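Protein chains in written order, with the working numbering: chain Y, 1 to 210; chain P, 1 to 210.
It is worth saying that the hints were derived from the structure and are not from the lab. Some clues are possibly wrong.
One copy or any two copies: either way a pair holds, since identical chains are not told apart in the list.
[What the hints assert, rightly or not] In the EDC-like style, the derived pairs of lysine to aspartate or glutamate whose C-alpha atoms are separated by at most 20 Å in a straight line are:
(1) K80 - D128
(2) K189 - E48
(3) K189 - D138
(4) K80 - E159
(5) K80 - E177
(6) K200 - E48
(7) K137 - E23
(8) K153 - E23
(9) K137 - E159
(10) K80 - E56
(11) K80 - E55
(12) K189 - E111
(13) K189 - D121
(14) K189 - E106
(15) K153 - D121
(16) K153 - E106
(17) K200 - D128
(18) K200 - E79
(19) K189 - E54
(20) K137 - D81
(21) K137 - E79
(22) K200 - E159
Small disclaimer: the values here were computed from a predicted structure and weren't measured.
Number of protein chains: 2
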Amino acid sequence: MSLDGFVAGPNPSVQDPLGVGGEQLHEWVFPLEIWRRPHGLEGGVVNESTPVMEEEQANIGATIMGRNMFGGGPGPWDEKDPWNGWWGSTPPFHHPVFVLTHHARETVVMEGGTRFTFVTDGTESALDQARRAAGGKDVALAGGARVAQQYLKAGLVDEMQLHVVPMLLGGGARLFEGVGALRSLVLVKTAAASDVVHLKFAVGGEWQVG
Amino acid sequence: MSLDGFVAGPNPSVQDPLGVGGEQLHEWVFPLEIWRRPHGLEGGVVNESTPVMEEEQANIGATIMGRNMFGGGPGPWDEKDPWNGWWGSTPPFHHPVFVLTHHARETVVMEGGTRFTFVTDGTESALDQARRAAGGKDVALAGGARVAQQYLKAGLVDEMQLHVVPMLLGGGARLFEGVGALRSLVLVKTAAASDVVHLKFAVGGEWQVG
Chain Y
1 MSLDGFVAGP NPSVQDPLGV GGEQLHEWVF PLEIWRRPHG LEGGVVNEST PVMEEEQANI
61 GATIMGRNMF GGGPGPWDEK DPWNGWWGST PPFHHPVFVL THHARETVVM EGGTRFTFVT
121 DGTESALDQA RRAAGGKDVA LAGGARVAQQ YLKAGLVDEM QLHVVPMLLG GGARLFEGVG
181 ALRSLVLVKT AAASDVVHLK FAVGGEWQVG
Chain P
1 MSLDGFVAGP NPSVQDPLGV GGEQLHEWVF PLEIWRRPHG LEGGVVNEST PVMEEEQANI
61 GATIMGRNMF GGGPGPWDEK DPWNGWWGST PPFHHPVFVL THHARETVVM EGGTRFTFVT
121 DGTESALDQA RRAAGGKDVA LAGGARVAQQ YLKAGLVDEM QLHVVPMLLG GGARLFEGVG
181 ALRSLVLVKT AAASDVVHLK FAVGGEWQVG
């Protein structure tokens with residue numbers, strides 16, 4: 001998230017799926033060894049962000065994401081030239097991933113343990129399926145903003161790990177748009193590298209949905 | 001600032017000048033010995049926020065604030081029942097304070113070294129006057145949001161010390177509304193107590209005013 005609250009920049013396009021400047025929100029992660037390894041890349045640095053990423057990845061048994069994060073454009077799936085995500089033949093998840101979409105599609109099995117299941121009957125169904133697939137481990141909610149907002153509003157988020165990047169995007173997709181007020185979050189852990197601040201919260205207390 | 005970017009809550013009123021829930025943004029500071037002492041109160045705690053506040057207050061020679069932060073309602077000043085701020089006869093500033101307003105008024109000298117000067121000819125004039133009054137020390141920009149935005153947009157802010165409180169206000173005055181994009185801020189220092197995260201930034205680089 002940028003310091004002004006955006007998880008993607010303004011004017012997203014096919015060339016610029018994260019909007020103008022949005023890619024820069026992720027630049028802190030690309031040099032990290034812990035990011036490079038699951039993406040099949042050698043080398044990389046170890047810094048203050050490494051234990052945060054280790055903890056974030058440690059106990060994940062399934063991931064939920066929105067159609068936009070999975071990509072391939074809006075509308076029905078192209079059956080002749082199927083889009084299987086941004087991540088190549090061996091995606092970095094290595095566990096079942098549930099993609100929220102309005103358009104049905106058969107499950108896609110990738111290399112390395114990632115399996116994309118397309119869920120058309122809503123957020124609660126996706127969570128139920130992900131919980132079962134996770135086998136007692138945690139379910140990660142990867143994004144984008146609209147999916148995060150749906151789960152936040154439904155009171156289905158237990159923990160949030162935010163990566164706050166020292167920049168102002170000035171526009172785009174706000175993470176906390178329209179989720180109402182939540183008077184108390186419990187600050188569980190913080191860490192900072194030179195280019196990102198990691199804030200972990202436990203979500204408790206009463207939502208005042210606005 | 002709340003985690004969703006607000007420095008005051010929705011629906012501000014005379015009873016609730018910081019809007020619904022806005023007062024809660026400041027609750028981390030009230031128990032601190034370093035806050036209580038300049039307000040003429042004894043006791044208080046010392047925690048991870050203390051060195052942050054010490055550093056923030058260490059070299060301030062003058063403060064600038066907006067009319068709303070000074071208070072007394074909108075419009076011309078009431079000469080019969082003059083409003084001299086929220087802070088009683090000995091305000092906690094102990095140095096010259098410049099209040100941006102559309103309504104001229106004579107300077108008010110308080111006890112303890114605070115002097116309120118009312119500036120009607122704009123942000124640059126207030127900064128010039130504050131710089132001269134500060135005598136080589138720093139000028140603090142206290143708020144509120146609109147005043148901060150004016151100085152940010154004008155490129156007149158060198159450093160930002162944000163106090164991020166783990167709550168969502170869901171509405172109100174956004175600190176970074178309408179200030180455009182700033183692709184890089186330098187993260188200078190971070191600190192965290194149980195109820196607030198302190199983030200200090202140096203403002204450099206190119207503004208893309210949106």
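Here is how each hint holds up against the structure:
1. Neither within a single protomer nor between protomers do K80 and D128 lie at most 20 Å apart by alpha-carbon distance, with minima of 31 Å and 66 Å respectively.
2. Proximity of K189 to E48 under the C-alpha cut-off of 20 Å is found in both arrangements, the shortest distances being 13 Å within a copy and 14 Å between copies.
3. Within a single copy, K189 and D138 get their C-alpha atoms as close as 18 Å, which meets the 20 Å cut-off; across copies the closest is 32 Å, which misses it.
4. In this assembly of identical chains, K80 and E159 lie within 20 Å of each other by CA distance neither inside one copy nor across copies; the values are 39 Å within and 54 Å between.
5. In this assembly of identical chains, the alpha carbons of K80 and E177 never lie at most 20 Å apart, being 37 Å within a copy and 45 Å across copies at closest.
6. In the homo-oligomer, the alpha carbons of K200 and E48 lie at most 20 Å apart both inside one protomer (14 Å) and across protomers (18 Å), since each shortest distance falls under that limit.
7. Neither within a single protomer nor between protomers do K137 and E23 lie at most 20 Å apart by alpha-carbon distance, with minima of 30 Å and 39 Å respectively.
8. In this homomeric assembly, K153 and E23 never come within 20 Å of each other (Cα to Cα): the closest approach is 26 Å inside a single copy and 24 Å across copies.
9. Taking identical chains as interchangeable, the C-alpha atoms of K137 and E159 lie at most 20 Å apart only when both belong to the same chain, with a minimum of 14 Å there against 43 Å between chains.
10. In this homomeric assembly, K80 and E56 never come within 20 Å of each other (Cα to Cα): the closest approach is 36 Å inside a single copy and 61 Å across copies.
11. Proximity of K80 to E55 under the C-alpha cut-off of 20 Å is found in neither arrangement, the shortest distances being 39 Å within a copy and 62 Å between copies.
12. In this homomeric assembly, K189 and E111 never come within 20 Å of each other (Cα to Cα): the closest approach is 34 Å inside a single copy and 42 Å across copies.
13. Taking CA atoms no more than 20 Å apart as the test, K189 paired with D121 passes in neither setting, with 35 Å inside one copy and 45 Å between copies.
14. In this homomeric assembly, K189 and E106 never come within 20 Å of each other (Cα to Cα): the closest approach is 39 Å inside a single copy and 49 Å across copies.
15. Within a single copy, K153 and D121 get their C-alpha atoms as close as 17 Å, which meets the 20 Å cut-off; across copies the closest is 45 Å, which misses it.
16. Within a single copy, K153 and E106 get their C-alpha atoms no closer than 29 Å, and across copies no closer than 50 Å, so neither meets the 20 Å cut-off.
17. Proximity of K200 and D128 under a CA criterion of 20 Å is satisfied in neither setting, with 24 Å inside one chain copy and 41 Å between copies.
18. In this assembly of identical chains, the alpha carbons of K200 and E79 never lie at most 20 Å apart, being 40 Å within a copy and 50 Å across copies at closest.
19. With identical chains, the CA atoms of K189 and E54 are at most 20 Å apart within one copy only, with a shortest distance of 14 Å there and 23 Å across copies.
20. In the homo-oligomer, the alpha carbons of K137 and D81 never lie at most 20 Å apart, since the shortest distance is 34 Å inside one protomer and 64 Å across protomers.
21. In this homomeric assembly, K137 and E79 never come within 20 Å of each other (Cα to Cα): the closest approach is 33 Å inside a single copy and 67 Å across copies.
22. For the homomeric pair K200 and E159, the shortest alpha-carbon distance inside one copy (7 Å) is at most 20 Å, but the shortest distance between copies (25 Å) is not.
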